[in-house]
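Protein chains in written order, with the working numbering: chain X, 1 to 116; chain F, 1001 to 1107.
What the hints contain is simulated information worked out from the structure, not anything from laboratory work. Hints may contain errors.
[Stated by the list, open to error] In silico DMTMM-like pairs for lysine to aspartate or glutamate, Cα to Cα no more than 25 Å straight-line:
id : chain 1 : residue 1 : chain 2 : residue 2
1  : F       : Lys-1094  : X       : Glu-52
2  : F       : Lys-1099  : X       : Glu-44
3  : F       : Lys-1094  : X       : Glu-56
4  : F       : Lys-1099  : X       : Glu-104
5  : F       : Lys-1099  : X       : Glu-56
6  : X       : Lys-14    : X       : Glu-56
7  : F       : Lys-1054  : X       : Glu-56
8  : F       : Lys-1054  : X       : Asp-86
9  : X       : Lys-57    : F       : Asp-1093
10 : F       : Lys-1099  : X       : Glu-68
11 : F       : Lys-1099  : F       : Asp-1081
12 : X       : Lys-57    : F       : Asp-1081
13 : F       : Lys-1094  : X       : Asp-86
14 : F       : Lys-1094  : F       : Asp-1027
15 : X       : Lys-57    : F       : Asp-1092
16 : X       : Lys-57    : X       : Glu-104
17 : F       : Lys-1054  : F       : Asp-1027
18 : F       : Lys-1054  : X       : Asp-24
19 : F       : Lys-1094  : X       : Glu-28
20 : F       : Lys-1094  : F       : Asp-1081
21 : F       : Lys-1094  : X       : Glu-104
22 : F       : Lys-1054  : F       : Asp-1010
23 : X       : Lys-14    : X       : Glu-44
24 : X       : Lys-57    : F       : Asp-1027
25 : F       : Lys-1094  : F       : Glu-1067
26 : F       : Lys-1094  : X       : Glu-44
27 : F       : Lys-1099  : X       : Asp-86
28 : X       : Lys-71    : F       : Asp-1093
29 : F       : Lys-1054  : X       : Glu-104
30 : F       : Lys-1099  : F       : Asp-1010
[As the list claims (entries may be wrong)] Every beta carbon over 10 Å from chain X, so not counted as near; a handful from chain F, in silico:
id : residue
31 : Gly-1041
32 : Asn-1045
33 : Lys-1099
[What the hints assert, rightly or not] Taking CB as the label site, the calculated pair distances span:
id : chain 1 : residue 1 : chain 2 : residue 2 : range
34 : F       : Asn-1030  : X       : Lys-57    : 18 to 24 Å
35 : X       : Pro-70    : F       : Gly-1016  : 22 to 28 Å
36 : X       : Gln-17    : F       : Tyr-1073  : 45 to 51 Å
37 : F       : Pro-1107  : X       : Gln-17    : 42 to 48 Å
38 : X       : Lys-14    : F       : Gly-1016  : 28 to 34 Å
39 : X       : Thr-38    : F       : Thr-1079  : 44 to 50 Å
40 : X       : Gln-17    : F       : Trp-1040  : 41 to 47 Å
Keep in mind that this is a model prediction, so the values were computed, not measured. We treat Cβ as the ideally placed atom computed from N, Cα and C, and that holds for glycine.
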Amino acid sequence: DTGVSQDPRHKITKRGQNVTFRCDPISEHNRLYWYRQTLGQGPEFLTYFQNEAQLEKSRLLSDRFSAERPKGSFSTLEIQRTEQGDSAMYLCASSHPAGRYTYEQYFGPGTRLTVT
Amino acid sequence: GIQVEQSPPDLILQEGANSTLRCNFSDSVNNLQWFHQNPWGQLINLFYIPSGTKQNGRLSATTVATERYSLLYISSSQTTDSGVYFCALRRDDKIIFGKGTRLHILP
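Excised from the complex, chain X in its bound form (with noise of 0.2 Å):
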């Protein structure tokens, strides 16, 4: 087991690039979840999946964002038309239910995003 994995650590981009972050699961965990991280603030919950089926999306997941899980594995998160307000620390997690409601999740180490 050797935990959730994220690439990149760090993406500095120019303001209205596209950028893609890549998620790898602890594997057999079959929820997938992503978050943002402002400064100061505590993580925000953006989307999740179970397996390859994308649940739930929060309001903060704007038309710019898009996630995918293809083949219920790894996840990307795609942002597009980046904006300074997107800097950001991206979070993701993932969990393997241990019973009805359950789902302890474990995080990566994110990836640090910064808009110019």
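Given chain X, put chain F in place with the hints provided.
Here is chain F on its own, set in the frame of chain X:
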């Protein structure tokens, strides 16, 4: 929606001191976790504790779900305990973090 309040927002302690961090929530929840975010940003699982009491070394946690609060106890603080402590609640498919308690342990 469900509200999560953590207190205190900041805490400065001398190494060796004990501390209690609190998480209040406004509605019933399916589960509750405590995390420690280290200075590099990594969120580390401390406890999964929707109810009851758990202990792990110098740390322990208690959740009283009927009264809608959880407490995290840190005893004999070490400088490596510094960072931000979050509680996170899940109700149905909504996952909500508090704003955290920033803990500074002075050597």
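Is Lys-1094/F close enough to Asp-86/X, meaning Cα to Cα at most 25 Å? holds, 22 Å
Holds or violated: Lys-1099/F and Asp-1010/F, Cα atoms, limit 25 Å. holds, 11 Å
Take the C-alpha atoms of Lys-14/X and Glu-44/X, compute the straight-line distance between them, and say whether it is at most 25 Å. holds, 24 Å
Are the Cα positions of Lys-1054/F and Glu-104/X separated by 25 Å at most? holds, 15 Å
Checking a non-interface call: every C-beta of chain X should be farther than 10 Å from the C-beta of Gly-1041/F. Is that right? violated, 5 Å
Please check whether Pro-70/X and Gly-1016/F have a Cβ separation lying inside 22 to 28 Å. violated, 51 Å
Taken at face value, is the distance from the CA of Glu-56/X to the CA of Lys-1099/F at most 25 Å? With a Cα-Cα distance of about 22 Å, the restraint between Lys-1099/F and Glu-56/X holds, given a limit of 25 Å.
For the pair supplied as a hint, Lys-1054/F and Asp-1027/F, is the alpha-carbon distance within the 25 Å limit? This hinted pair holds, its Cα atoms lying about 22 Å apart.
Given the hint that Lys-1094/F pairs with Glu-104/X, does the C-alpha gap stay at or below 25 Å? holds, 13 Å
Does the structure keep Lys-1094/F and Asp-1027/F at a Cα separation of 25 Å or less? With Cα atoms ~12 Å apart, Lys-1094/F and Asp-1027/F stay inside 25 Å; holds.
Examine each Cβ of chain X, and state whether all of them lie more than 10 Å from the Cβ of Asn-1045/F. The claim is violated: Asn-1045/F sits with its nearest Cβ about 6 Å from chain X, within 10 Å.
Mind checking the alpha carbons of Lys-57/X and Asp-1027/F for me, to see if they're no more than 25 Å apart? Holds, because 21 Å separates the two Cα atoms, which is no more than 25 Å.
Of the numbered hints given earlier, the model fails hints 6, 7, 8, 10, 12, 18, 20, 31, 32, 33, 35, 38, 39, 40; all others are met.
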